[in-house]
Structure formats: structure tokens, C-alpha cells
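*Asks:* Each chain is listed here by its residues.
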Amino acid sequence: AQKVTQAQTEISVVEKEDVTLDCVYETRDTTYYLFWYKQPPSGELVFLIRRNSFDEQNEISGRYSWNFQKSTSSFNFTITASQVVDSAVYFCALGTYNTDKLIFGTGTRLQVFP
Amino acid sequence: GAVVSQHPSRVICKSGTSVKIECRSLDFQATTMFWYRQFPKQSLMLMATSNEGSKATYEQGVEKDKFLINHASLTLSTLTVTSAHPEDSSFYICSASQSQGATDTQYFGPGTRLTVL
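Residue numbers (the working numbering), protein chains in the order written: chain A, 7 to 120; chain B, 12 to 128.
No more than 30 Å apart at the CA atoms, straight line, and that leaves these computed lysine-lysine pairs for DSBU-like:
1. A:Lys9 x B:Lys52
2. A:Lys9 x B:Lys77
3. B:Lys77 x A:Lys107
4. B:Lys75 x A:Lys107
5. B:Lys31 x B:Lys66
Everything labelled a hint here was simulated from the structure, so no lab data went into it.
Could you build the full structure based on these sequences and the hints that come with them?
*Replies:* The structure is reproduced here in C-alpha cells:
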């Protein structure tokens, strides 16, 4: 069965703090893709990253970084020096060739206070 | 690049009327479009998947006669909520992908908030 778990329902931080959002996935497929999306209060889901299962290199994009650990089936997302504009719901998702739909986690609501 | 528009952004209608929501990929050809529904503070729930020129595939529990989906071109898909009732009030989001399946990136529209009175 395919599953994505985002155990953190809500996280609150003060601006400039670093914050890590956890994502744990389950799949029996050897080839799969992991995604992160940001959903700000406006509602639109913004694509952040797509990572395939064969690429375990960590990725950094500005203040965002992702840590892919196949050994623990995790794909965690860290925001460095958080800002108020980072306040949103963040979704982790899993896609495989054996399913025709993305499996979404339940999302983590991040609130960054000034 | 990879912009998806959705129209209208917000609609209020009376019970019993039909509402059409358009989803357009503006700068790429969308082989597949997806329609989701999202309740407050919940994750996205896939309603159906549509490929250009073919019938949509509906998820279990989604009434295909109530939620009509048309994917007439590689840049346009429409969702029509027929005979809407208050329980259909929700946030509807479409997404578009350049290929079939779930491994390619889906780009999402801004969503449509439907309120049925």
C-alpha cells in the first residue's frame, strides 16, 4: 500500500527560526517520486520540488532544503530563517508508476510569527 | 512557466442549479488533468482524472453523473457540478500534468470556492 504520513499537524515558530517538516512514506515500488507543495492562505498549491527515488542527494534552494533518506523512507523539508510569508500548509506527496494518482499526506500547517 | 488558471475563483449559487468550472493550462499541453476537492483544514481528495479526448476516470464514491468532466483539448478541462446542493459546497482545485500517471509534476490552479445556498 502507498501511504504518506505527515505527523506534525501544526507547527508555530518565530521569524528567523529554522523549522523542519517531516514526511514519511510507504511504498513497495522501487521507482517512485516524492513531491512537496505549499498551500498559502490563498488556496493555490505551489509546486516546490520533485525528487525521484534514485536521487538521494540533498537539495538546497535558497532558504529551502530537502533531506531524502531512503533508509528511513523520509523526505523532510527544512526552512532556514523562516519568514512570515512561509506561513502555509505544506503537503508531501508520493507518486509511483503503479498508481495513477498522487498520494498526499495530511499536510502540516506552519505559522511563522513576527 | 507551468501556469494553470481556474475560473471562476468563487461562485455562489442556489440549490438545484449547475455550475461549470474551467481549468486551463496556459503555457503547456496537459495530457492529464486532475480534479480535487478540499474540505477546510483537510488534505486534497482526488475526484477524477481526465485525459484529453477520453472519458474521465472517477474515484470511488464520486458520482460521475453529478460531477461532469470534459477534457476537450490539451489545454482545457471543465468540471460541471449538476443540480448542486449545499453539501457540494467546497474548494475545488484542478491540476495539470504533461504526461499520464502520477510521476510527473502536477501544476495546480488557484482553486474555486463553491458555495451552494
